[in-house]
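Visitor: Take a look at the letters that make up each chain.
Number of protein chains: 2
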Amino acid sequence: MALIVQKFGGTSVKNAERLKNVASIIIDEYKKGSKVVAVVSAQGDTTDDLIEKAREINSDPSKREMDQLMTAGEQISAALLAMTIEGMGCPAVSLLGWQAGFETNTAYGSARIKRIDTRRVERELERGGIVVVTGFQGKNRYDDMTTLGRGGSDTSAVALAAALGADRCQIYTDVDGVYTADPRKVPQAKKLSVISYDEMLELASLGAQVLNNRSVEMAKKYNVELEVLSSLERLPGTVVKEVSEVEKLLVSGVTKDCSVAKIAIIGVKDTPGTAFKIFNAIAAKKVVVDVILQSIGRDGTKDIAFTVAASDADAALEAVKTLPDIADKKIECETDIAKVSVVGAGMESHQGIASKVFEALYDENINIRMISTSEIKISVIIDRDRADDAVRAIHDKFEPYE
Amino acid sequence: MALIVQKFGGTSVKNAERLKNVASIIIDEYKKGSKVVAVVSAQGDTTDDLIEKAREINSDPSKREMDQLMTAGEQISAALLAMTIEGMGCPAVSLLGWQAGFETNTAYGSARIKRIDTRRVERELERGGIVVVTGFQGKNRYDDMTTLGRGGSDTSAVALAAALGADRCQIYTDVDGVYTADPRKVPQAKKLSVISYDEMLELASLGAQVLNNRSVEMAKKYNVELEVLSSLERLPGTVVKEVSEVEKLLVSGVTKDCSVAKIAIIGVKDTPGTAFKIFNAIAAKKVVVDVILQSIGRDGTKDIAFTVAASDADAALEAVKTLPDIADKKIECETDIAKVSVVGAGMESHQGIASKVFEALYDENINIRMISTSEIKISVIIDRDRADDAVRAIHDKFEPYE
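Chain order of the listed sequences is A and B. Residue numbers for the first sequence follow the numbering used here, so the first one is 42 and each next one is one higher. Residue numbers for the second sequence follow the numbering used here, so the first one is 42 and each next one is one higher.
The shape of chain A in the complex, shown without the other chains (with noise of 0.2 Å):
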């Protein structure tokens, strides 16, 4: 018999159409004889209202307190979950975060999943029934009520199917799958049936935001098989799995990224330590660098540039001004520019594809302004105005070795 845990996000719930047809699918699923533990998300803006609530008595409330107020959003959506499953005939039970046994860590607000005490869920399904479980939130160690912080939905369905040893994940979401480029903008992008984790994490830390990075890097770690799929449309969607060599993509994405800033320090001193000085600073402000790019030194000075997200980019050049030998310097940000991504698992063992990339833009005519590679990715910093152009170029370019 198949354990399925299925997640639905709060656009699938988000009023009484909604539910029954997400009732609908999961009834579908424990008809066939599985064992079905529903995870859901607050309702469509539940979440969002909840925390004007807080905000219009308290600018700056305490973050147990808006976990204790934050996880109602999803007791609502999982008890009026199990009552439509209940009014369609069969049987559902809902479980708090708590019930379900998530016990986390004290971090309200942005709390971890320490451990699933799995007992409670695994007699409700012993008995019979369809299992609904509140995601997002668990308890802590002082009976507080604490949530894993936003898309931990996601996380909390793949850490309850890795401790339940279930059969596969469904990620029930507003898209059908992952797609090899944002198929709005590139017509001849397909829906790709299996990804492997590695790739996956590229695509969603590029911006593909299909699924929360935690929750892939839970689902590798536990070797959890994903499925990513449309509430909507009942058809197959994309599996996220550890997959075999041949099964490996030359490409599997091509992804941009429009929230990007690239700062350059123009003529720092070409002595050992400088780049340290400048990082460490920048990381003070818990700031993520992503591209790092540092000239050859010259006449004893180097230029050193980075990319940070675009809503860093105040935060970093703050750190960076205030560093003694640098606040001198000429101090570049730009705003106007694009990451563009290309991801495969494939690119480990084939030769080449960054000169392919590289032609593709050239044929295009867009100039390269800073250039990123990992074992499955290759990253390249443009003008956005030809984010767009450069994403079809790249996807062209390597459609045919697919």
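These are calculated hints, taken from the structure and not from any lab test. Mixed in with the good hints there might be a few duds.
When chains are identical, the list treats them as one kind, so a pair holds in a single copy or across two.
[Stated by the list, open to error] In silico DSSO-like links for lysine-lysine, alpha-carbon gap of 30 Å or less: (1) Lys343 to Lys55; (2) Lys104 to Lys94; (3) Lys104 to Lys55; (4) Lys72 to Lys94; (5) Lys104 to Lys73; (6) Lys73 to Lys370; (7) Lys104 to Lys61; (8) Lys94 to Lys61; (9) Lys310 to Lys362; (10) Lys94 to Lys55; (11) Lys72 to Lys104; (12) Lys73 to Lys282; (13) Lys231 to Lys362; (14) Lys362 to Lys318.
Position chain B relative to chain A; hints supplied.
Guide: Just chain B now, kept in the frame of chain A:
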């Protein structure tokens, strides 16, 4: 150091402005040096909104899931109130029913409190914070959420006050105390400063819905001093407690109940067992009978009349009409009647109260249809359109005696 439990109903916490008002009441008490525990209901219409959401998807949801849904209501208001208090500079922590140690039986939707483990609440009070507890809810031995039924927040507050050995339990509501009659109808009505538990119980059961009856019974049982007062006006309210003989009022209140129906069965056989058969059949329909009147037998027959809540009239009629010896008798049902009652603990030791009530009605030319008395109460059934006149007349008659 005084320990005060303060209960705030849904209207008192319905929006940000009201939450701030309630927070300032709590903080005033806290700054006097008291330990304060606030028990809150769900905000304004939250409970009804959640019921409506449930009905949209399932006309007959399970009680377990309804409780799982409904308990989110107080969770939201408790967290918001704690944040409001924090925002006004005082330490506060919200606790859900189960976190505050409320253990109930398994009767979902109308659970009874079995035990309160006060350790967490006491620990939070020791740490110097204001404790906000969700009313109306607890958990049962399966670790499921339960609700105490409507009006249950009063019971939560009284039970917690009893368990903590609180000095007083204040019930904040939208009226500022208990009056000798409805002040909108009887201009001379006065606010009582003190009333006994028994009088409060009679008034509550007579439709003066200031306090839930179960909570008054519990307060009496554990000798918890209650105070009913307004959350909008900072005025002393009415204290409910065990009163000494000399404090006992001759008449503490005059009330009316217009949701009454009278059913009369004419000419039933005057043999033993007739009354039993009738009222047994009615009890089987779970209908509570209030006043019963039986005529003196004549010609081997008698008439039996009784009153029930107007909403139960159809069920009672149905029960009576199925009885073999009764179905063929003349059965009358009147709904244009009202019950007017006079309550006063002093009645026990004073004569002539009943005759004064009847005199007041005679003076106003109001016909008495039925009469019922208890140790501290006299009720009369009269025509509904004279109910307000009757309340005023009786109130006027007794005023000088107070």
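Visitor: Of the numbered hints stated earlier in the document, which are not met by this structure?
Guide: 1, 6 and 13
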